[in-house]
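I would like the entire structure built from these sequences, with the hints used as guidance.
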Amino acid sequence: MSELEQVWARLREVPDPEIPVISLVDLGIIRDVEKRGGETWVVVSPTYSGCPATTVIENDIRKHLSKHGLEVQIERRIAPPWTTDWITDEGRAALKAYGIAPPSTAKGPAECPHCGGHDLERVSQFGSTPCKALWRCNDCKEPFDYFKCI
Amino acid sequence: MSALFEFLLRMGDNTLVLGHRVSEWCGHAPILEEDIALANTALDLIGQTQMWLGLAAEVEGKGRTADDLAYRRDVIDFRNCLLTELPNRDFGHTLMRQFLFDAWHKLMLTRLCDSSDERVAAIAMKALKEVSYHLERSADTVIGLGDGTEESHAKMQSALNRLWPYVGEMFEADSVDDLNAQEGVTVNPSELRADYDRIVYDVMSDATLTIPDSRFAHRGGRDGSRHTEHLGHMLAVMQFLPRAYPDARW
Ligand SMILES: [Zn+2]
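If you read the sequences in order, they're chains A and B.
My numbering puts the first residue of the first sequence at 1, with every later residue one more than the last.
My numbering puts the first residue of the second sequence at 1, with every later residue one more than the last.
Please keep in mind that the hints were generated in silico from the structure rather than gathered at the bench.
C-beta: ideal position from N, C-alpha, C; glycine also.
Hints may be right or wrong, so weigh each one.
Calculated lysine-lysine pairs in the DSS-like style (CA-CA distance at most 30 angstroms, straight line) [to be verified]:
#1 107(A) / 96(A)
#2 107(A) / 129(B)
#3 107(A) / 141(A)
#4 96(A) / 141(A)
#5 62(B) / 96(A)
#6 63(A) / 35(A)
Selected chain B positions facing chain A (in silico; Cβ < 10 angstroms) [stated by the list, open to error]:
#7 19
#8 34
#9 38
#10 40
#11 43
#12 44
#13 47
#14 48
#15 126
#16 127
#17 137
#18 140
#19 143
#20 162
Below you can see the structure in the form of structure tokens.
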């Protein structure tokens, strides 16, 4: 495995600090891993500009990689802006299994992550983190987080 | 002071001052969901501030940081429009102020996505996604409260009457705007007014609220010449910690 492949493999082991069932790679915020001169650079795109997890994420990356003997520099890149389209299929499945409805192309979640019901209503445009909204399922009566589509 | 620096301060100070104002609701909103929504809105605005003021500091090239600009300038150096510094008053008033700002903010950011300065365009593209969401929410809430109970309607009408004289300043242009517009960095804000009026008219119609006739505009925020007395009090709270403990680190 080349060094860049090793970095990618290790990055797949770093969980999102706020939604630990999804890795940074599956969240789609790792845009690039590349060599620049003698240095290895990881390019990270923040989800929301004010997301307090951004700095934590960068520290987590450095810590985890250096534990495995990999030293990296991190570039924070805002353009093109992160979009939920970059969340992988594995990431979507992990979110759903965790009880968070994955981002959908429509105006809201496709189905209730608990029972698969379709009679859904929005409780609040914002949830426990900037990336989520609060919804409710009228079939199973359970509330759930929806990963906002941006 | 370069025109670009001045423009970046205007963008960053708007989001900083409004972001701080909105954050004052944290723990005080009428219901938990609204508390969370307001805190998240504030967080987006503060995040955008870091980008605008970060770029402002870089463009200035004097070794200052976004934090230096946020915490070590006094009232006369702030370039936010007056609307953003007005006190929260009640919840309806806060959301009316938010709507009046969001509608302008979204139009401005949309145009800035085509800025000739790619750093400006990058920030605008990032912020636009968040601000579109803010506008959706503030417009919904203004309609819900305006077309709500007799009491909520009266409060929203009085908020609109009180805030309307602060709208005009967002569309004023001076030599800074002219210079930046010539360079293609930004647009002349007056170009946004017609679209803005349409958006506001539609929302206020749905909200059963009456837009005041007067076009009188308080001014003096975006060039720093005459802020309201409220900004100094806000800065005293916002800047207390970094001024009391200069260079303190986490
Ligand atoms: Zn359900």
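Non-conforming hints, listed in increasing numerical order: As far as the earlier hints go, 5, 19, 20 are violated by this structure, in ascending order.
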